[in-house]
Each structure stands twice: as C-alpha cells, then as structure tokens.
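Here is how the chains run, residue by residue.
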Amino acid sequence: MTCRDVREVAESFLSDELLTETNHEILRHLETCPSCRADMDARRRLRSALRGAFDRAPELQPRAEFTDRLREQLREAGAHTGRRWGGFGRWLAMAAALVILTGLAAAVFLHRPLTPAEALAEDAIGDHRYCALTFRLIRHPIPLEDAARQFDRAYRLLIDAPPVDVATPDGTVHVVERHACLYDDRRFGHVVLQYRGHVVSLLMTATEAAASAAEPADAGPHVLGRRTGGLSVVSVNGPHHAILLVSDLDSAALTELSRLVSVPLAERLEGRLISIDVSRLATLFAAPSR
Amino acid sequence: MTSAGPRDDSGAWAAFEGEVLPHADRLFRLAMWLERNRADAEDVVQETMIQAMRSFHRYQPGTNCRAWLITILQRIVSNRRRARGRSMVVDDPDDRIAHTVPFVPPVPQALTDELVLGTLRRLPTAYQEVIVLCDVEDLSYKEAAEALSIPIGTVMSRLHRGRAQLRTELAAADAALAGRRPDGDAAGAPDERIEAS
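From first to last, the protein sequence lines are chains R and X. Just so it is clear: in the first sequence, position 183 is 297 by my numbering, and no numbers are missing. Just so it is clear: in the second sequence, position 88 is 89 by my numbering, and no numbers are missing.
Excised from the complex, chain X in its bound form (with noise of 0.2 Å):
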C-alpha cells in the first residue's frame, strides 16, 4: 500500500478508508464493552480514528491493523478513565484477586448471548479485557500485551484465571437457570476433570 509511488490527498484517504474504516464497528463494539455508555463509545472510536489518522504513516502495511487501533483505542479509554478516577496505576488488579479457580466445570450447553455477556460481565475487568482482546478480537498474546501496557506474562496468566472464572461462573449461571447445583450434570457437557493418562 505505502510502498507504491506518490499519491495524492485522495488516495491517502482512500488508503486510510480502505484499510482502517472496515474495522470501525468492531472497535465500537470494544469501545462500547469498556466504556459501557453509547456516548463515550462514539467520542472514543472518534478519537481512535482521529489519532490513527494522524499516525497512519507509522502503520506498517501488512501487519494487524485492528491490534494497532485496538492499541490506540485502549490507551484512550485507559487515559480516560484515569482523568476520572485517577485510579488505573495504583496497585496492579491481580493483587486482589483469587489467585486460584480449584475446578473448572464443564461449559454448559446452553449458551445464549445474554448468559454469556452478562457472565462476562461478572468478573474482573482486568480479566474482561484480556478475555474480549483474545478471545473475542482474536489478538495474540504479544499484541494484547501491547495494547493494555502489561507484560505478555501478565495476559497470560490474566487469561488463565479469566477463562476458568467465566467457566465457573457459566455453570453457577446456568445451574441456577436450570434450578440445578453445579456439581450435578446440570450442564450436560462431558465430564472434564482431568485423568491421568
């Protein structure tokens, strides 16, 4: 793309349009997961973009495009809400959560779009974030480590306990959905403690 001989204004921006503008939805849906206001979801993709316009010459052709607005996006939000509460540096989020998830249940069967989210929506946000960027963005464990500035050892133990949490807390939901325990069969999925083999 950037690599091709002079261009003009409009083809800077039908670079810019084709290779950034796509991904606008995906990052409102982010924007709006994290900031959880339509409002402020519409002033931080704005900002996203006007910022990636911006430095939309160090975008290097070829590489993740939304991991790079992701990035973007995130030191935004990260930005603002640090104007609000002034709270994000404090202390690091995983000093104050369990450590440890003893048993993962199996996933439930049932998984609707609203069990799901609203799960999500349960734990952590230092783990919602990790959890969204890598499971739902797709980003790696590098780019997510860049997109929240927190080592890639961190994502992935972030990750670990995320996942496992979301998973207790399906079966929970989904057990009391169905008027069932959680350690029953409730969620109907294969036995998924672990055997040696």
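Isolated chain R, as found in the complex (with noise of 0.2 Å):
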C-alpha cells in the first residue's frame, strides 16, 4: 500500500468502515511510514477538536431547566399515552396481535373491502394532508429528475409543467413546489399550487390494471373517492396514469381546475385527446420542450 493509497482511506479507517484485512495493511504501511502517521493524527486530532468544541460550546448547550422540564413532560406524556406508547415483552406484542386481529375481523365483517380507486382517492389524500400541508412524510421527497430515471419516465413531464403561473378566469394557479413523493408505498409526482388561497395538490401516479379497469381512460375530471376530512380528490385517468387533484376547495371548483389543468397534462402524458374544449386550453400550456 503506497502513501497515497493510506491518504486515500485514511479517513474511512479512522471511521472503522474498511475490511479487517485493509485495516492490517494502513497498520503494516504506518509502522514504516511517519509522514502518514503524522497526516493520521492530524486528521485524528482535527476530529478530537470537532467533537470537543461541540461538547464545550457554552450556545450549544441545553439549560437545565429545559432539560428537567422534557424529561417531565416525557414522564406525564408516558403516563398519559399507557400502554400504547412502546412495545414492552411479549405481553404486549400478544395484545397488540389480539387488537389487530379483532381490527381485520371487524373490517372483514363490518365493511366491505376499498375498491382500487377509493384506495387511491385515500392515499391522495393522505400524500396531500402529510406532504403538502403538514410536511410530516416518513421519507423525503425526492427530484422529479432522480425519480423519473429511478420509479417513472412520466413524472419527466411534471418538471415543467405545468408552468409556474396558469392564468384561469377565476385566478392564478402558482406553482409552489415540484418534487415526487411516498405515501403509504404508494409513489406520486407532486406539484403543490396555489389556487384562490387554497394549497392544492396535483398528483400523478401509475394505476393499477384494476384500477384503470374501474374507471373509464377516457373519462373527463370526475370526483373520486369521497370528500374526507374535508378535503376531496378529482381525478383524470388515462391509460396507465391518474392525474389528481386534492384540495379543500368543493368538487366543482375542482373538477373545473383539473380541466384546465389536469387534462393537458393528460393529453401530453398519454398522447391523445380527452374530449374537452381544446380551443380553452390551447392558450395554458407551450409544446413540450423535450
């Protein structure tokens, strides 16, 4: 192993990331060489330096009574939440089976199962309430770019468009943000608007054959699922992709949006025509650039 080689890894090695057998080699090549056992401890100093200017810096440090109070609130949030709060022995895991299975039996029983498009009306919904409005996703959005090379070659199409500004006759439609997303293992292109005070959600995702089955791909914007928590969704569909909108705003204000909207989107996604007033949208969108 040469010098450069040793500077190469000499980090990874302070980290303990490399194989047992390099490690034996940067070691043997140390012992020799006193050049990279100075560049070493350099490096090994400047991380003892890191981690002790963290542990001093007097405006890095907590208050005492912040800390007493957390561990108070934690001790009555503990309290308060019982049993639910952590899966402790195997108790626990049994009551949790029981719960579950007494959940699905209700569920078999009581309610007949989502057909696939309530399910995907549901999981807009939730992508909405959790990405757009309260940012609590389990897992970060990503580029439309990474995942139109990674998921999806359609979300290429949501990079830009729609555009930033659609001028409608009741407002402008603002883009906010583009990013594509997870909810509930299922994948959405997302781009958050801004129409008349309300956050709206245009979400584009591959359906299922079951799913298309279900609903015309010809069909215009239509309600889809229904209005939960306030909130309502109203799709287009194509052949493999639905393009949604969600937003508190009522149905019709919706399904008028997603015309003018959704529907271009729809046509350049799939290529085709839905039956709409072309001539009203000729002005919304440009030719796609790419």
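Since the hints were derived computationally from the structure, they do not count as laboratory data. Be aware that one or more of the hints could be misleading.
Claimed, not checked - Label-pair restraints from in silico Cβ distances:
#1 X:Ala40 - R:Ala191: 18 to 24 Å
#2 X:Ile153 - R:Thr146: 28 to 34 Å
#3 X:Ala15 - R:Val337: 49 to 55 Å
#4 R:Asp130 - X:Leu178: 39 to 45 Å
#5 X:Asp44 - R:Gly343: 21 to 27 Å
#6 R:Asp155 - X:Gly119: 19 to 25 Å
#7 X:Ser158 - R:Leu141: 23 to 29 Å
#8 R:Ala366 - X:Ser158: 48 to 54 Å
Predicted model, so just to flag it, every value in this text is computed and none were measured. Ideal placement from N, C-alpha and C gives every residue a C-beta, glycine not left out.
Make the complex out of the two chains shown on their own, each in a separate frame, by following the hints.
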C-alpha cells in the first residue's frame, strides 16, 4: 500500500469503515511511514477538536431547566399514553396481535374492502395532508428528475408542466413546489399549487390495471372517492396513469380546475386527446420542450 | 431489554428513560447546530423525544440508539425546513458546490473551539451535516445516509469534499489569525503533501 492509497482511505480507516484486511495493511504501512503517521494523527486531532468543541461550546448546551422540563413532559406523556406508547415485552406483542386480529375481523365482517379507485383517493388525500400541508412524510420527497430516472419516466412531464403561473378565469394557479414522494407505498409525482388562497396538490401516479379498468380511461375529470376530512379528489385517467387534484376546494371548483390543469397534462402524457374544450386550453400550455 | 418478561408502564418508562434520555444533551447540541436558535432547537428535541417514545417499540435493543434518535431528529429538522422555505428538494446541493479541492493543507497546531466551529459553520450546509453526523456524532456512513435520506455514496463524497474544505478553511483562518500566508509554514504541522512511496 502506498502513501497515496493510505491517504485516500485514511478517514474511512478512522471511522472503522474498512475491511479488516485493509486495516491491517494500513497499520503495516503506518509502522514504517512517519509521514503517514503524522497525517493520521492530524486527522485524529481534527476530529477530536471538533467533538471537544461541540461538547464545550456554551451556545450549544441545553439549559438545565429545559432538560428537567423535557423529562417531566415525557414522563407525563408516557403516563397518559399508557400501554400504547411502547412495545415492552411479549404480553404487549400478544395484546397488539389480538387488537389487530379483532380489527381485521371487524373490517371483514363490517366493511367491504376499498375498491382500487377508493384506495387511490385515500392515498392521494393522505399524501396531500402529510406532504403538502403538514410536511410529515416519513420519507423525504426527491427531485422529479431522480424519480423519473429511477421509477417512472412519466414524472419528467411535471418538471416544467404545468408552468409556474397558469391564468384561469377564476384566478392564477401558482406552482409552489415540484417533487416526487411516497405515501403508504404509493409513489406520486407531486406539484403543490396555490389557487384562490387554497393549497392544491396535483398528483400523478401509475395506476394498476384493476383501477384503470374500474375507471374509464377517456373519462373527463370526475370526483374520486368520498370527501374526507374536508378534502376532495378529482381525477383524470389515462391508460397507465391518473392525474389527481386534491384540495379543500369544493368538488365543482376542483373539477373545473382539473379541466384547465390536469387534462392538458393527461393529453401530453398519453399522447392522446380527451374530450374537452381544446380551444380553451391552447393558450395555457406551450408545446413540450423535450 | 424488551425481550424480558412482562413489564408495566413504569417498566416501559424506565426502559425509555435509561435508553433514550441520556442522549438528550447531545441531541440538543445537534439540534442547536442545525437550527441556530435555542427555542427552535428545544422544539426539535422535544418533538424528537415524543416521536421516539411513540415508536420506541420499533427500536431494536442493542442497536445504535443515538443513530436512531438522530434519524428522527434529522427528519423533523428537514420537515421544518421544508415548511419554512420549501427549498430542500429542488436540487442536489452537490451540483452547486465546487467539486475539487486541489490541495489539502496541514491541520493547524492550535485548534481552538472558536476556530473549529467558526470554520465548520462556513462550509456548505450539506458538508456540515455529514461532518457533524460522522465525525462528531460518530455515526457510520450507513447510519448517516439513513438519517439524511441520501445514498451512502453521497455521504462519502460529501465527507471527502467537506473534510478537505474544512482543512483548507482552517489553514486559511489560522494563517489569517497568525498574520501569515496559508502556503507558508504557518500551520506548523508536518508537510502533508504526498510523495510516492
């Protein structure tokens, strides 16, 4: 192993990220190379200085009253949450299993399963709520470019469509953010819009065959599922993707917005026309740039 | 811990208290570094602890509890940043950061806390994050990748560039303090340019 080799992996060596054999090779080299020993010591010294600075810096230390208060709040929260807050021991696992089984039995006997379209509407509402409104998705959104490369080429369409501002008779639709995100294992291309003071999610997702079969592919905008928690979903279906709008706007307003925003996207996406007033849309979107 | 027999709520609290609460101070330091504001840092730590409590049943005893907590904390911080600016997903910071640091100067002999933290603060945030997680909090590359929701290769490349830039900036700051130029022998450490061997 040369000095250059050692310097290249020195930090990984200090982080204990190398194979045992490589560690041995480095140690053998260090035994005979004072220059690399000095280099390794300097790196160690810098790490140690960083850790020490973090531990000592007065501005980074918590106030004692905060730590005490936090402990009390947590103890109280734990007491209130009771047995739900942690899985401690086999009894809890058994109890949880019993609860789940009971829930499943109830679901089987009392409720019919969701149709694919209803499940899609539920996921769309969940994504709007937890991604666009409260920023509490478990996994971070990723750029559309990356998602298009890795998961679904169709997301490329959303990189520049709809444009940042779309003028409509009832006000401007403004794009706030574009990304791809995951909610309950369903992947969405997500454009967050602002319209008449409301946050609206435009979601594109691949649809399963069953969902497509349940919904006519050439249907215009239509309400999907039930209004839940004050949120409605309006969908435009293509053969392989659905383009959904989710918002607290009423269904009629959302349907109208879908005609202006989702339908042109569906046309571009599937390369086909859907029965709409094309002349009204011609000015809204420019031709695809790629 | 969790594999023992039945426990009551006091046992649950004792397990949480013993396993998680000792990390509160270090979590606060990390939150304070990331948020730069005491009230926000306190909110972040409090939310981290409450989320940890709710999902404590998913924590695997014997694994790195601090890494688990830091992952929760990073997600909370990231969500707060999104809520404030909606800016984190637009592009990869690596695209905006100079990729090459041609020469890595020696580490200055005198490393004061002020010099080290001040210099670290001047690095791009993406570099600060990986350096703090890996070199201060001692997370493995894999744990840091999970905490930041980025690929492990990105952690490694950011670390490489970030550490090199940290050393360059440290040498420059040290030289400025000493009133000398960084390409002289102001740092006083052995010459670390690599010779073939």
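To see whether the hints hold, each was checked on the structure:
At roughly 20 Å, the beta-carbon separation of alanine 40 (chain X) and alanine 191 (chain R) lies within the given 18 to 24 Å, and the hint holds. Separated by about 32 Å at the C-beta atoms, isoleucine 153 (chain X) and threonine 146 (chain R) satisfy the suggested range of 28 to 34 Å. Separated by about 52 Å at the C-beta atoms, alanine 15 (chain X) and valine 337 (chain R) satisfy the suggested range of 49 to 55 Å. Between aspartate 130 (chain R) and leucine 178 (chain X), the C-beta spacing of about 33 Å breaks the proposed range 39 to 45 Å.
Remark: the range hint 21 to 27 Å for aspartate 44 (chain X) to glycine 343 (chain R) is upheld by a beta-carbon distance near 26 Å. Between aspartate 155 (chain R) and glycine 119 (chain X) the CB atoms are about 23 Å apart, so this pair conforms to the stated range of 19 to 25 Å. At about 26 Å, the beta-carbon gap between serine 158 (chain X) and leucine 141 (chain R) stays in the expected band of 23 to 29 Å. For alanine 366 (chain R) and serine 158 (chain X), the hinted distance range of 48 to 54 Å is satisfied, since their beta carbons lie about 51 Å from each other.
Going down the numbered hints, you'll see the structure goes against just number 4.
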